[in-house]
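All chains should be modelled from the sequences, with the hints used to inform the complete structure.
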Amino acid sequence: DSGVTQTPKHLITATGQRVTLRCSPRSGDLSVYWYQQSLDQGLQFLIQYYNGEERAKGNILERFSAQQFPDLHSELNLSSLELGDSALYFCASSDSPSAFEATGELFFGEGSRLTVL
Amino acid sequence: GDSVTQMEGPVTLSEEAFLTINCTYTATGYPSLFWYVQYPGEGLQLLLKATKADDKGSNKGFEATYRKETTSFHLEKGSVQVSDSAVYFCALHTGTASKLTFGTGTRLQVTL
Chain G
-11 DSGVTQTPKH LITATGQRVT LRCSPRSGDL SVYWYQQSLD QGLQFLIQYY NGEERAKGNI
49 LERFSAQQFP DLHSELNLSS LELGDSALYF CASSDSPSAF EATGELFFGE GSRLTVL
Chain R
5 GDSVTQMEGP VTLSEEAFLT INCTYTATGY PSLFWYVQYP GEGLQLLLKA TKADDKGSNK
65 GFEATYRKET TSFHLEKGSV QVSDSAVYFC ALHTGTASKL TFGTGTRLQV TL
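One line per chain: the protein sequences are G and R, in this order. Using my numbering, the first residue of the first sequence is number -11, and each one after it goes up by one. Using my numbering, the first residue of the second sequence is number 5, and each one after it goes up by one.
If you are wondering where the hints come from, they were derived from the structure by calculation, not from laboratory data. Predicted, not measured: the structure shown is a model, and the values here were computed from it. Only true hints are included.
Only pairs whose alpha carbons sit at most 30 Å apart, straight line, appear in this in silico BS3-like list of lysine-lysine: (1) R:Lys81 with R:Lys64; (2) R:Lys56 with R:Lys81; (3) R:Lys60 with R:Lys72; (4) G:Lys45 with R:Lys56; (5) R:Lys72 with R:Lys56; (6) R:Lys72 with G:Lys45; (7) G:Lys(-3) with G:Lys45; (8) R:Lys60 with R:Lys81; (9) R:Lys64 with G:Lys(-3).
Using C-beta positions, here's what the derived DEER-type ranges look like: (10) G:Ser67 with R:Gly13: 30 to 36 Å; (11) G:Gly(-9) with R:Thr30: 31 to 37 Å; (12) R:Ser7 with G:Thr8: 30 to 36 Å; (13) G:Leu105 with R:Thr74: 44 to 50 Å; (14) R:Gly65 with G:Ser67: 44 to 50 Å; (15) G:Asn65 with R:Glu20: 45 to 51 Å; (16) R:Thr55 with G:Arg51: 33 to 39 Å; (17) G:Asp59 with R:Gly13: 37 to 43 Å; (18) R:Gly82 with G:Gly72: 37 to 43 Å; (19) R:Lys60 with G:Asn65: 38 to 44 Å; (20) G:Thr(-5) with R:Glu12: 31 to 37 Å; (21) G:Ser84 with R:Glu20: 38 to 44 Å; (22) R:Gly13 with G:Ser84: 31 to 37 Å.
Cβ atoms here follow ideal geometry from the backbone N, Cα and C, with glycine treated the same way.
Right, dumping it as structure tokens:
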């Protein structure tokens, strides 16, 4: 158990819909990362937050947005869903803003599997 | 930009066989290198890491050596077990980035 909790574990929805994925980081971790894992693109970095502020942005679509709340949990919002958005979405946390000044380790949740029909 | 290339899977081995999973990278500067493992139904977890050239990371019988001259970080294990069946990801981080760049992953299946 990594200590990172993601909900829901599975989600099935239709094209055009909007969903919200939730992540609770490990206790004490200020930094949260979102990754998308799909069969054809591998593991893609989406976005990072540190203590409520956006720290780095990767290949995140404009239809997607994220935020980190004062209690440090984070949400990833996916809207106007398309078939190609079907993937496993991972949240990870670390105990430093860059993740590599301390242990150099990210702690991953078990992921939220999104299926768009 | 930074990138990681891993050998395609799946890799199927018999128990006690020798394992090598190749990983090469392209990066600006001097990256830190990682191997993560994803067991079925779980998230990724760090297996080992190396932060500078010629460093050897090791854990649970797995080893990888940071080779700057060949830009490689191949994962090896002398004798695999069925419990090693998982997907293995090579990853890198450079000092100017706050994210890990992952390879596409290599699925390992170990049979009795």
